[in-house]
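There are 4 protein chains.
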Amino acid sequence: MEKDKEIFQRKDDHIKISINENINSRNTTWLEYVRFVHNSLPEINLKDIDITMEFLGKQINAPLIIGSLTGGTKLGLEINKKLAEAAEKYQIPLMVGSQRIQLEHLETSKSFSVVRKSAPSIPIIANLGISQLIQMENFTSIEKIIHSIEADALAIHLNPLQEIIQPEGETEFSNALEKISKLNNFLQIPLIIKETGAGLSKNVSNNLIKAGIKYLDVSGLGGTSFAAVEYNRAKDQKNLSKSNIGNTFLDWGIPTAASIIETRAVANDSTIIIGSGGIRNGLEIAKSIAIGADISAIAQPFLKQAFNNSKDVESYIETLISELKSSMFLTGCKKIKDLKKSEYVILPPLRTWLDKRLQKQR
Amino acid sequence: MEKDKEIFQRKDDHIKISINENINSRNTTWLEYVRFVHNSLPEINLKDIDITMEFLGKQINAPLIIGSLTGGTKLGLEINKKLAEAAEKYQIPLMVGSQRIQLEHLETSKSFSVVRKSAPSIPIIANLGISQLIQMENFTSIEKIIHSIEADALAIHLNPLQEIIQPEGETEFSNALEKISKLNNFLQIPLIIKETGAGLSKNVSNNLIKAGIKYLDVSGLGGTSFAAVEYNRAKDQKNLSKSNIGNTFLDWGIPTAASIIETRAVANDSTIIIGSGGIRNGLEIAKSIAIGADISAIAQPFLKQAFNNSKDVESYIETLISELKSSMFLTGCKKIKDLKKSEYVILPPLRTWLDKRLQKQR
Amino acid sequence: MEKDKEIFQRKDDHIKISINENINSRNTTWLEYVRFVHNSLPEINLKDIDITMEFLGKQINAPLIIGSLTGGTKLGLEINKKLAEAAEKYQIPLMVGSQRIQLEHLETSKSFSVVRKSAPSIPIIANLGISQLIQMENFTSIEKIIHSIEADALAIHLNPLQEIIQPEGETEFSNALEKISKLNNFLQIPLIIKETGAGLSKNVSNNLIKAGIKYLDVSGLGGTSFAAVEYNRAKDQKNLSKSNIGNTFLDWGIPTAASIIETRAVANDSTIIIGSGGIRNGLEIAKSIAIGADISAIAQPFLKQAFNNSKDVESYIETLISELKSSMFLTGCKKIKDLKKSEYVILPPLRTWLDKRLQKQR
Amino acid sequence: MEKDKEIFQRKDDHIKISINENINSRNTTWLEYVRFVHNSLPEINLKDIDITMEFLGKQINAPLIIGSLTGGTKLGLEINKKLAEAAEKYQIPLMVGSQRIQLEHLETSKSFSVVRKSAPSIPIIANLGISQLIQMENFTSIEKIIHSIEADALAIHLNPLQEIIQPEGETEFSNALEKISKLNNFLQIPLIIKETGAGLSKNVSNNLIKAGIKYLDVSGLGGTSFAAVEYNRAKDQKNLSKSNIGNTFLDWGIPTAASIIETRAVANDSTIIIGSGGIRNGLEIAKSIAIGADISAIAQPFLKQAFNNSKDVESYIETLISELKSSMFLTGCKKIKDLKKSEYVILPPLRTWLDKRLQKQR
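Chains as they are written, first to last, in the numbering used here: chain A, 27 to 388; chain B, 27 to 388; chain C, 27 to 388; chain D, 27 to 388.
Same shape as in the complex, but just chain A:
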C-alpha cells in the first residue's frame, strides 16, 4: 500500500533532515530575555544541591525528560535503545516518538517496546498525535500502545502547524477538546497534552486545565521547526506550494519563554508544566523552571547524540545536570523549587509580550 510506504519514508526523512539540514526556527526561545541576577554569596555547597524530584509517581534524578523523536524503523529502534539505556542509567524519564506507525503496523512495536526493556524502572511516556485520537471510535488501540511500553503516562501531541504544512497532513481538528476530555476520563494513567514547537497559549492551556488535564508540555517556538522540516521535505518532493507555505510559517508560534509564563498564569496547584521547545543547555532548564515549568524536556539534540554513540548521550546528560546545578549554585538555590523564588529580570521583547498578554502594568 502506497500510504504505508509513505509513513515509513516520512519517519526516515525526518531523521535525515534533522541530522543534515538546518531545521531551527529563526525565532529564538526568548529565554535569553530572562536574565538571572548573579548571587556572589550563594551560602550553599554545590554538593548539597538536590535536583531529584517525583514525576509520574516515581523518583527521578533530574527535572529532565529525554524526548525521543523516532521509532518504527530499524534506525529508530537503535536510537530508542541507546536513549532508553541512558535514561535508565541516569534515572530520568523518556518520552517515545509518535506511535502512530504502531497503530497500523503491529510489526513496528518492537522499535518502541525496546525502550521499556532497556529502561525498566524509569517513567516512560507513550505518545500519539491528536489527529489519530480524533479519528478513533474507541480507545482500544491506545491501550495497546500504552501496554506495549508499559507507559507511565500518555502524551497526546497537538500539531496543527505540522499537519497543515505536511503534504499528507490531516487537518480535521473539530471536537478535539471533547475527545481529549473523554480520553482523560478513560485512561488509568495520566494524560499529558503537548505542543510540537509552536507553544501552548494561555487560552488553550486554560481550556485544557478546565477539561481536567493536569500535565501540559508547552513545546514552544525556538527549537526544531516542523515548518522547516516539512519545508525541506516538500522542496525535495518539488511540491513548490507546500515548500512556500513551510517558509512562510517558519517562525509561527509562541516563543518557549512566553508559552511557559502564559501557561503558568492560568495553571492551578495540581498542574504540572513541562518546559520544552529549543532548550539546549542546563542554564535554559533552570530558566524555564524559574519562570514556571516543573520539569524540562529536550528532544532534537538527543537524536543527534544517539545517532553518534551512547557515550555522547551520557556526556550530554552529565553536562546538562552540571549546568543546571551550576545555575542553581550561582543563584543560591538548594532545591529545584527554590528556583521559583530566584531573582531574574525579564527584558523586551518578552516583557512587552507579557505586558500585553497578562494585562499587567509594568
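Do not take every clue at face value.
If chains are identical, the list can't say which one is meant, so a pair holds when it fits in one copy or spans any two.
Said to hold, decoys possible - Below, simulated EDC-like cross-link-like pairs (lysine to aspartate or glutamate); rule was C-alpha separation at most 16 Å, straight line: (1) Lys382 - Glu369; (2) Lys84 - Glu176; (3) Lys337 - Glu114; (4) Lys73 - Glu196; (5) Lys31 - Glu130; (6) Lys73 - Glu194; (7) Lys264 - Asp338; (8) Lys360 - Glu198; (9) Lys136 - Asp277; (10) Lys100 - Glu133; (11) Lys261 - Glu194; (12) Lys73 - Glu198; (13) Lys261 - Glu47; (14) Lys205 - Glu69; (15) Lys170 - Glu130; (16) Lys42 - Asp262; (17) Lys143 - Asp178; (18) Lys208 - Glu169; (19) Lys73 - Glu340; (20) Lys136 - Glu104.
Read the hints as simulated data drawn from the structure, not as lab findings. Quantities reported herein were computed from a predicted structural model and do not represent experimental measurements.
Got chain A sorted already, so can you dock chains B, C and D onto it with the hints?
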C-alpha cells in the same frame, strides 16, 4: 509629439525596472510586528474554512484583489490578459493599472478592455491618477474608461510622492478633495481612493470618509517604492538631482500595518478598507485583515509571475489562498470576519507608533 | 615662529583630512527617529510653496546657511570664493570659517574678505572661537574681523571637545558666559552662539538665553566629528595619547535632533534656532525645522563640493531646496512655519532621551 | 606534589590565555547606555580640575586602582614590579593578584612583597579568595600575607562562577557571610569584598553592608570573562564537559553599570564603592563614578601593558587620567564628587533593568 512618446516609454520603463532592479523600500510593512498567538486546539476542520465574501456587489472566492500595474503597450496587454484569466478562474477581483494613457491615446483601450473580455464575471476596478482628475473640467472621459472595461468601481490613486520624484510629475494638488467629492457624487459605481505605497494617514482617511468615500485602499510603505523606481529611471536619464531626491525619499511613508490601523481607527460601519502595500503571502493577508482591513490587494509579485507564465500566476494564487486558510486554521477562525477577533500581539516600533498616533495609554 | 606655521598647517590639515578620511561620528543625528506622517492629499500646488524668509534683517530664498569651514590659506580663499558666489546667486546666507588666523596674520584677511566681495547682498556671518574671546582684553580685534567681511552677525563657536583633543588646544573656559554677555552688549550686530558638533544642551541654551543671546546654532552630534579629525591628525603626528583620546570621544555629544528639541524647550519668542550638525539633505532640513529649528546650516558637504567645482555647489543647493519643498508638499505645508504644525512621530531612542530630559510622560 | 604543580601551572595558564585568546565577555558593561549630556560652557579651566582623593587613609592622585592579576611565578614577579613602580610614580593604589599560592608556598612571597618594595608610599591591597577563607580555622595565615606586603587593606574576592567552571574549583560556599563578618571584626585594616566579573547584586551588597563591610568592589560583567578563560583552559585539557559549561556561562552576570547602580541603591554614607569590570578608558571611569562608584579599578589591560614594558604602563595611566579629566571638563566638573551631580541619560536595556530592579516608575 514628444510627450506622447514619453508616456509609452515610462510605461515600459516601469515594467523593466520592476523586473530587473531592486525597487523595494528599505522599510518593511511592519506587519512582522503583528504576531498572531498560536492556537493549538483550533476546533475546526481546515476544509470548513470559508473565505468567500461579497465585494462590489459580486460574490468572490477570496479576500484578495489582483493589482495590475500596467497597460497601454503590447507587453501590458499580454500581462493584463494573463492576470484577468487567472482572476476569472479563481473568481477574485482585479484592478487595472493607471488608465491615464487611455485618456490621450484611444488606441490603447484594447490593452485594458482585454481584461473584461477575459474576465466577464468578476469585479473589475478602473484606475486613474488624482492629477488627471484635478485637470478635468468634466467627467466624460472618466465615463469612457469605466465603460471600456465595464468597471464595477473606479479607483483614484493618490501619488504625491511619485509626482514629486518623477521627472515629468504634476504637482498641483489643490482642491483635490473637492474634486474627489464631486466625482463621487457623479459616479454610478463606487469610488475607491487609494494610495500608491506611502500609506493613508488617519487624517487623510478621515477627510475622505467625511467627504463620502466608502472604499479606502491604504497602499502603505513596505513594498514597491516608487521613489526607488523613479530613482532608477532618473539615474538612467542622468538626472542627478531627481535621482538624489529619489534616494532621499526611499523610505518615505506610513508602513502598511500602521496605515491600516490608523484608517480603521477613523472608519465607520460602511467603510471598506483594502489592505495593501508590500503584502507578499497569505499570512500577511490574514494579519492585514486581523488589524483592520476587509480585503487585501497584491500587485508587484503578480507582475513578475505574469511576465513568466499563466501557470505561475495560478500557482501563486493557490499558495496565497492556502496560506490564508492555514493562518485562519492556526488561529481557529472559520470565517474571514473571525480574524477580527483573533489573538495577536503588537510589538514595537509599531506599538510605539500607535501609542503616539492613537493617543492610547499602553 | 613655530606657532604661526602650526596654525596654517592645521588649517590645511583639516581640509585634507575632511576630504580623504572618514571623519563622521559613528553616532547619527537621530533625525531618522523623527518620522513625518505622509499626507496623500496635501491640497496645495508645489509651485506655491514659499520657503523664503527674513534672516538677520535681509530677505533670503531658503532656510539654509552655507557653513564655510575654511579660510586663511590660498586653498581656503578659493573655496570661500566659490561658496560665496553660490550663496549670492541663490540668495542664502553664509558663515565663514574660524577667523582666528586673521587675528594674528593680517595678510590672511583677503581669504575672508573675498566672501563679501563675491556676495554683496546676502547675510554673512563672522566666526571666532570662544577661546580667543576669553583671552581678549577688549573687542577691537573683533570689530576688525567683522568689518573685514561687513558681517551681518558674529558667531562665537564653543568647542571644548575640540580644544581637549587638539594637541595645541586651549582649555581655559572660566567666565566664558560672562565674556559672551559683555560681547553681546558691545556688538552692533547680532551675536550667534554655536556649538561645533557636540550639541547645545537645554541648560547651556537656557543660560545663554538668560544672558541675552537670541541666536543659537545647536551643531549637534551626527556629522563631522572633530574628535575624528583630531584623532587622524594626532595619529599622523604619532601622538598616541591624543589619538587614543580622540577615539574615546568619537561619539561624545548630544545628537542633533535631541539638541534642537532641548533648545526649543527653553527658548523664548525671540530666540532664533539654527539646526545643524550632520544635516545632509532637504528632508533633514524639514525635520529639523519641524522639531524646533528656524533655519538649518550645512558645512562639510559644501567643502567637498567646492573642492570639486562651482557647478557641484549649485547643484547641491538646488537639490536641497527641491527636497525641502518636496517634504513640505508631502506634509501639506505651504510655508516654512507650517512645518511646525506638521504631523510626525518620534521613535526611541530619541523618544526615550526626551522623556528623561524634558520630564514629560509619554 | 601534583596539586602544587597545578597551581603554578594555572597561574601561568591564566597569563598566557589573557594575552593570546579572546577572553572578553560577549556582554558589554552597559556603560555605553549611560550617556553624559555635553556641556558646551563648562566655565572651568582644565588645569584646575582636581582628581586627587583620599583612599585607605592615604592621599592618591587619581580615582584609579591598578589591579594586578598575577603573582607566584617569575613572570608574575616581573609584572608586579613594573606595575608597582608605575603606581608609586603616579601615586595610585594597587591591588595584588590572589595570594592563595603564598599560603601554601612560602617561597612565592617574594613575587608579592616586591610590590611594597617598589611602591613604599601608596595604598596596597592584599587579595585572597573566599574559598580559602572558608577553609581557614583561624586567620594567622591571612595576617602573614597582609604583613608580607604591608597591605593597607585586604580584598576577599567572591568567585563562585570561576570555581564552578574551573576543573579544580572549590564550591563550598556555606556560611561565607559569617566568615566574612568574623574576618572583618578580626582585621586591623579595612576589608574589601570584591566580585570577579559577575557583579554584586543589590541583595548581596545589602547583606555585606549589614554585616559591617564598608568597601565593595562590584567587578561586573563586561570585561574579562573567567568563563572564557576557563573555557579555553578546559578546551586545551580536552575536558569537554567543563568547556561546554564555560561556553554556556560566558555571559553570566550583572553588567558593571547595573551592578554599580544596584550597589549604590543600598549603600550607606560610609560605603566606598569600587567600580570595576571591563572599564577600559577614562570616560568609563567618569561614567562609573557618575552613577555611583567612588573609585574605579582596571586590571586586565594593565597585565597586557606590563607584559610589554613599563613605558606602556605609564602611557596608559596618563591617557586614563587625561580622558577622565576631559570627561569632567566636558561636563563642567571641577572635582570628582561633582561627577555625581553631572547630567546623564540612561537608555534601555540598562534603564529597563533598573526599572525592574529598583522598583521605580519611569
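Structure-based check of each hint:
For the homomeric pair Lys382 and Glu369, the shortest alpha-carbon distance between copies (11 Å) is at most 16 Å, but the shortest distance inside one copy (22 Å) is not. Proximity of Lys84 and Glu176 under a CA criterion of 16 Å is satisfied intra-copy only: 14 Å inside one chain copy versus 60 Å between copies. In this assembly of identical chains, the alpha carbons of Lys337 and Glu114 lie at most 16 Å apart only when taken from the same copy (14 Å versus 56 Å across copies). In the homo-oligomer, the alpha carbons of Lys73 and Glu196 lie at most 16 Å apart only across protomers (10 Å), although the nearest pairing inside one protomer, at 50 Å, exceeds that limit.
With identical chains, the CA atoms of Lys31 and Glu130 are at most 16 Å apart within one copy only, with a shortest distance of 12 Å there and 64 Å across copies. Within a single copy, Lys73 and Glu194 get their C-alpha atoms only as close as 51 Å, which misses the 16 Å cut-off; across copies the closest is 14 Å, which meets it. Only between protomers do Lys264 and Asp338 lie at most 16 Å apart by alpha-carbon distance; the minimum there is 14 Å, versus 36 Å within a single protomer. Within a single copy, Lys360 and Glu198 get their C-alpha atoms only as close as 47 Å, which misses the 16 Å cut-off; across copies the closest is 12 Å, which meets it.
With identical chains, the CA atoms of Lys136 and Asp277 are never at most 16 Å apart, being 36 Å at best within one copy and 45 Å at best between copies. Taking identical chains as interchangeable, the C-alpha atoms of Lys100 and Glu133 lie at most 16 Å apart only when both belong to the same chain, with a minimum of 11 Å there against 64 Å between chains. When the C-alpha separation of Lys261 and Glu194 is checked against a cutoff of 16 Å, the pair qualifies only within one copy, where the shortest distance is 14 Å, while the shortest distance between copies is 46 Å. Proximity of Lys73 and Glu198 under a CA criterion of 16 Å is satisfied inter-copy only: 8 Å between copies versus 52 Å inside one chain copy.
Taking identical chains as interchangeable, the C-alpha atoms of Lys261 and Glu47 lie at most 16 Å apart only when both belong to the same chain, with a minimum of 12 Å there against 27 Å between chains. Taking the shortest Cα distances, Lys205 and Glu69 sit within 16 Å of each other only across copies (11 Å), while inside one copy they are farther apart (50 Å). Taking the shortest Cα distances, Lys170 and Glu130 sit within 16 Å of each other inside one copy (12 Å), while across copies they are farther apart (66 Å). Proximity of Lys42 and Asp262 under a CA criterion of 16 Å is satisfied intra-copy only: 12 Å inside one chain copy versus 33 Å between copies.
For the identical chains of this complex, Lys143 and Asp178 are intra-copy neighbours only, at 14 Å inside a copy versus 67 Å across copies, given an alpha-carbon limit of 16 Å. When the C-alpha separation of Lys208 and Glu169 is checked against a cutoff of 16 Å, the pair qualifies only within one copy, where the shortest distance is 14 Å, while the shortest distance between copies is 65 Å. Taking the closest pair of Cα atoms, Lys73 and Glu340 never come within 16 Å of each other, the shortest separation being 20 Å inside a single copy and 46 Å across copies. Taking the shortest alpha-carbon separations for Lys136 and Glu104, only the intra-copy value of 11 Å comes in at or below 16 Å, while the best inter-copy value is 61 Å.
Of the numbered hints stated above, those contradicted by the structure are hints 9 and 19, listed in ascending order.
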